[in-house]
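Enquirer: If you read the sequences in order, they're chains B and A. Position 43 (the first sequence) corresponds to 43 in the numbering used here; numbering is contiguous. Position 80 (the second sequence) corresponds to 584 in the numbering used here; numbering is contiguous.
By construction, these hints were calculated from the structure, which means they are not laboratory data. Honestly, I wouldn't trust all of these hints.
[As the list claims (entries may be wrong)] With a straight-line cut-off of 27 angstroms between C-alpha atoms, the simulated DSS-like cross-links for lysine-lysine are:
1. A:K529 / A:K612
2. B:K432 / B:K104
3. B:K480 / A:K612
4. B:K104 / A:K525
5. B:K27 / B:K104
6. B:K373 / B:K432
7. A:K612 / A:K525
8. B:K157 / A:K529
9. B:K432 / B:K453
10. B:K27 / B:K453
11. A:K529 / B:K453
12. B:K157 / A:K525
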Amino acid sequence: MSIPLPVFVAVPLVTAFLLPIFGRKGKAGATVLANLATVSLLVLAVASIGQSGVYEIGKWSIPLGINLVLDGLSSLLLLAISVVSTAAMLFSSRYMERYTAKEKYLSLFMLMVAGMNGVVLSGDIFNLFVFLEIASIASYALVGFGCEHEELEASFKYMVLGSIASIFILFGVALVYGNTGSLNMAYISKAIQGSGLNAGLGFALCLFIVGFGLKAALVPFHAWLPDAHPSAPAPISAMLSGILIKTLGVYALSRVIFNVFGISISVGWLLIILGLLSMVAGAFLAIGQWDLKRLMAYSSISQIGYVVLGIGLGGLIIAKGGNLAWASLAILGGLFHLVNHSVYKSLLFLTSGSVEMSTGTRQMRQMGGLAEKMPVTRAACTIASASIVGIPPFSGFWSKLILVIAAIQAHFYWVAAIIVFVSLCTLIMYLKVQRYVFLGELPASLRQTEENKGTMLVAMVFLACLCVLMGLLVIVPSLKANILEPAVKVLTDGLSYSANLIGT
Amino acid sequence: MPYALCFLLFVIGLYCAAVKKNMVKIVIGIMVMEYAVNLFLIMLGYRTGGTAPIIDKTCLEPGTEQIAASFINTSVDPLPQALVLTAIVISLGSLALMISICIRTYSKYGTFDITEIRRLKG
Chain B
1 MSIPLPVFVA VPLVTAFLLP IFGRKGKAGA TVLANLATVS LLVLAVASIG
51 QSGVYEIGKW SIPLGINLVL DGLSSLLLLA ISVVSTAAML FSSRYMERYT
101 AKEKYLSLFM LMVAGMNGVV LSGDIFNLFV FLEIASIASY ALVGFGCEHE
151 ELEASFKYMV LGSIASIFIL FGVALVYGNT GSLNMAYISK AIQGSGLNAG
201 LGFALCLFIV GFGLKAALVP FHAWLPDAHP SAPAPISAML SGILIKTLGV
251 YALSRVIFNV FGISISVGWL LIILGLLSMV AGAFLAIGQW DLKRLMAYSS
301 ISQIGYVVLG IGLGGLIIAK GGNLAWASLA ILGGLFHLVN HSVYKSLLFL
351 TSGSVEMSTG TRQMRQMGGL AEKMPVTRAA CTIASASIVG IPPFSGFWSK
401 LILVIAAIQA HFYWVAAIIV FVSLCTLIMY LKVQRYVFLG ELPASLRQTE
451 ENKGTMLVAM VFLACLCVLM GLLVIVPSLK ANILEPAVKV LTDGLSYSAN
501 LIGT
Chain A
505 MPYALCFLLF VIGLYCAAVK KNMVKIVIGI MVMEYAVNLF LIMLGYRTGG
555 TAPIIDKTCL EPGTEQIAAS FINTSVDPLP QALVLTAIVI SLGSLALMIS
605 ICIRTYSKYG TFDITEIRRL KG
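This is chain B alone, in the form it adopts within the complex (with noise of 0.2 angstroms):
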C-alpha cells in the first residue's frame, strides 16, 4: 500500500488550522486532537519506511509542476521528525498547562511540524523555500512565546539571523533559476551536469551554504541558538535541538550539495571543517555553563558538528574517487548520529524541562540531590547522558563508533582522535549535570519537589526506551537495510538523482 504523500504535510496543517476553533473552553480537546495527529504522523512514518514515489500536485507532470519525493533520506527523516514531535507534543499537554494561550501553542506546533514535513519532502527548490519559512516562522514564535524579557530578547536575534539566512538562501534560487531555467531539483541537476558550474552557480552554492549553515547553527554562525534554545518552552527547546535543525540545516544542505549540485573536493572539505569547528568550539563552550538548558544548547552545536563532519567525509572521499565502502561508512555514521541525537537531545531538554517545572529553576549552582525526590527524570537524564557521551550499550556509542572507523579507514587518523577528544569533552559536562543537578546535597529551598506526573513521564520514558533500543538499528541487519541504507545510498548516489527522478 503506498501512503498519498501529501498527507505528511496536510494533516498537521489542517489540524494547525483547526485547533484555535477549540478555543479557551475547549483546550483539553485540541491537546487531544494534536497528539491524535502526531501519533497518526508517527504511524505513517513507520509505514512509509521503505517506500519510494513522486507525487505531481495538481497532476502537472515534473518539470511543469511541484512534486513530492519520499526516498530513503526523507523517510529516515520523517520518522525521525515525528517520534520526537509525538514525544514533545506528549510532555506538552502537562507541560504548557501554565502558559496561557495553549491552543495557539499547539496551532504553532503544529506548523512547524507540517513546514519540516514539507522541507524533507519537497522535489522542488522553490517550495523548500516556502516550508522552509514555515518552520521558521512557527519556530520564531515558539521561542518568544513565554514574552518575558529573555524570550522576546533571544526570539529577536533568531529571527533576525534566520531571516537574513532565508533571504540567502531566496537569492541562491533566484540565481540557480537565472542559470538554469527550472526550479526542480532533478533538473536543475540535469542543467548543472551539463553546463557545470559557472560563476552564478558557484556564487548560488556559497549562498546555500551560508544560509543553511545559519539554520543549522554550525560554528561561524551559530550565534542565536545558545540564546534561542534555552527560550523556548521545554518542549519546544527539545523540538529545534532535536529536529529543526537538522531538517532546516543538515538535511537541506546534504539534498542540495550531494544531489542538486554534486560534491566537489573543496565543498568536501569545507564541511569537513566546519564539522570539526562545530565540535570542538560547542564542547568548550557547553563545559564552562551553569545554566541547565543552555549548557545542552551548546551540546547540540557540538553533536551537529559529528553528523555535518561524517557526511562531509563521505562526501570529501566520493570526490576523490576513493573507496565507495569508505564514503557510505561514514555517511552511515553521520546519518545515525543525527537520528541518535535527534532522540537522546530531545530527552535531555524533556528532562532539563521536567526539572525546572519542579524546581522552578535553571541555574545548576541552585539544584542538587534531586536524584531522590524524581527518580524517573534521574533516570531518563542518566539514560540520555550516557547516549550522548557514547558509553557501550546505548545509542550514541554506535554512530560515535561507526565515525571513528571511518576516519581511521580514510586515513584521517587526526579526525579520529579529534572525535574521541570531543567525546571526553561530553562526558565532562554530562558528569557536571548529574552531579549537581542529581547528586550531592538537596538545598532546603527545594525540600517540597516532587516529581512530575502523567503524559511527561510517558514521554521521557518513550524516548529513554528508544534510546537504549537504537543500537539494534545497526546491529539488527534487515532494520540497517530498511532504514538507514536507503539513506545513505541516496547522498552517495549523489547525481543520479536527477536520473531515478526523470527515468533517463
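Given the coordinates of chain B, assemble chain A onto it according to the supplied hints.
Expert: Just chain A now, with coordinates in the frame of chain B:
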C-alpha cells in the same frame, strides 16, 4: 548594470542589518535585503518590450493551432512573478512577527537599542 545596482541594494540591506543598533532599523535592513532579492527575481523574467504571457486566439498560428514563435520570443517569463508574489507574502508574515516582537520588547525594556537589551550572555 541593473543587476549590479540590485546587488548593491542587497549589500546595503545586509550592512544595515549587521551594523545598526536600533531594532527597527535592523528590521528595515532585513526588508531592504528582501526587496533586493524580489527585484532580482523580477529582473530575471523581464524582457524589454515584452508582452504579457497570456495566450489567446491571436497568439496561435493560423491553421496549425500551435503557439506562435513570435509569442514565445516576446512574452515575459511569468514564473518569477509567481515566485515574487509568494516571497512577498512570506516576508509580510515575518515582518509582522518581527515588528510585534519589537513592540513587545519596547514595552518590556523601554528601549530599542540592542546594546542595552542584553540579559543573555555567554
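Enquirer: Each hint should be assessed against the structure and marked as holding or not.
Expert: Now the hints, each set against the structure:
1. A:K529 / A:K612: Distance ~19 angstroms between A:K529 and A:K612 Cα, so the pair holds.
2. B:K432 / B:K104: 36 angstroms, violated
3. B:K480 / A:K612: 52 angstroms, violated
4. B:K104 / A:K525: Judged against 27 angstroms, a Cα distance of about 32 angstroms means the pair is violated.
5. B:K27 / B:K104: Roughly 10 angstroms between the alpha carbons, so the hint for B:K27 and B:K104 holds.
6. B:K373 / B:K432: 19 angstroms, holds
7. A:K612 / A:K525: Holds. A:K612 to A:K525 sits at ~17 angstroms (cutoff 27 angstroms).
8. B:K157 / A:K529: 14 angstroms, holds
9. B:K432 / B:K453: Within the cut-off at roughly 26 angstroms; holds.
10. B:K27 / B:K453: Holds, at about 19 angstroms.
11. A:K529 / B:K453: Not satisfied, since the Cα-Cα distance of roughly 46 angstroms exceeds 27 angstroms.
12. B:K157 / A:K525: With a Cα-Cα distance of about 12 angstroms, the restraint between B:K157 and A:K525 holds, given a limit of 27 angstroms.
Checked against the numbered hints listed earlier, the structure breaks hints 2, 3, 4, 11; every other hint is satisfied.
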